[in-house]
Amino acid sequence: NAGVTQTPKFRILKIGQSMTLQCTQDMNHNYMYWYRQDPGMGLKLIYYSVGAGITDKGEVPNGYNVSRSTTEDFPLRLELAAPSQTSVYFCASFGGKEGGREQYFGPGTRLTVT
Amino acid sequence: GDSVTQMEGPVTLSEEAFLTINCTYTATGYPSLFWYVQYPGEGLQLLLKATKADDKGSNKGFEATYRKETTSFHLEKGSVQVSDSAVYFCALRDSSTGNQFYFGTGTSLTVIP
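Which chain is which? The protein sequence lines are A and B, in order.
Residue 18 is where the first sequence starts when you use my numbering, and the numbers rise one by one after that.
Residue 65 is where the second sequence starts when you use my numbering, and the numbers rise one by one after that.
Hints were generated in silico from the structure; no laboratory data involved.
Do not take every clue at face value.
Cross-link-like lysine-lysine pairs, in silico, BS3-like; alpha carbons within 27 angstroms at most [what the hints assert, rightly or not]: (1) B:K141 / A:K26; (2) B:K124 / A:K74; (3) A:K26 / B:K116; (4) A:K31 / A:K74; (5) B:K116 / A:K114; (6) B:K116 / A:K61; (7) A:K61 / B:K132; (8) B:K132 / B:K120; (9) B:K124 / B:K141.
Generate coordinates for the entire structure from the input sequences, incorporating the hints supplied.
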């Protein structure tokens, strides 16, 4: 298993540009999440999904959109990038056998908006 | 709503010192509790977990006990090593809120030889 993979690892955007952060998991987990991590602020939930075709807002969804057309993929779309979206973005999935379920994180995407 | 509060850092310890990182939580349901570790430039990795009151999670010499009466899940290690230097996050999962995870702000630990 590759686990949770994210692309790209780094990206620099200009203000107003758009981009999609890709996230794929090969563990057949129903639950997937997008977080952003700002220095000293821990992780904030942007969006999450409980299964293909179902998404819901987290704590900080403004400026982002997601889709979940398959179990494996959960891309995060940034429209009209702003400096406030400079952060490290982590995708995660949650699942496993009862009693052993845990959350698995991707390696992260470091995004800078200038 | 659900939340996690953990001890602010940074924490600097000498090798072989005793470590405690405090974590308390607020939850509407009956959460599972976790400690994650993040090494520089990497994603979070699960360190240990506890799924019900009085459970003790342990891994790599780290321990934490789920205390419902004090709503706490403090992380401890008896003798830290330089390789333990990382950021530690306390988190809870509340199945009554769609299996959302709530994270503390993280505590940076540096262990010096």
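Status of each hint after checking the structure:
Between the alpha carbons of K141 (chain B) and K26 (chain A) the distance comes to roughly 33 angstroms, so the proposed pair goes past 27 angstroms and is violated. For the hint linking K124 (chain B) to K74 (chain A), the alpha-carbon distance of about 35 angstroms lies beyond 27 angstroms, and the restraint is violated. Distance restraint check for K26 (chain A) and K116 (chain B): the Cα-Cα separation of roughly 37 angstroms exceeds the 27 angstroms cut-off, and the hinted pair is therefore not satisfied. At roughly 25 angstroms between alpha-carbon atoms, K31 (chain A) and K74 (chain A) fall within 27 angstroms of each other, so this suggested pair holds.
Restraint check for K116 (chain B) and K114 (chain A): satisfied, since their Cα atoms lie roughly 17 angstroms apart, inside the 27 angstroms limit. This hinted pair checks out: K116 (chain B) and K61 (chain A) have alpha carbons roughly 25 angstroms apart, not beyond 27 angstroms. The hinted pair formed by K61 (chain A) and K132 (chain B) meets the criterion: a straight-line CA distance of about 25 angstroms does not exceed 27 angstroms. Only pairs whose Cα atoms come within 27 angstroms are accepted, and K132 (chain B) paired with K120 (chain B) is accepted, the gap being roughly 12 angstroms.
Straight-line distance between C-alpha atoms of K124 (chain B) and K141 (chain B) comes to about 9 angstroms, which keeps the hinted pair within the 27 angstroms bound.
Taken one by one, the earlier hints fail for this structure at numbers 1, 2, 3, listed in ascending order.
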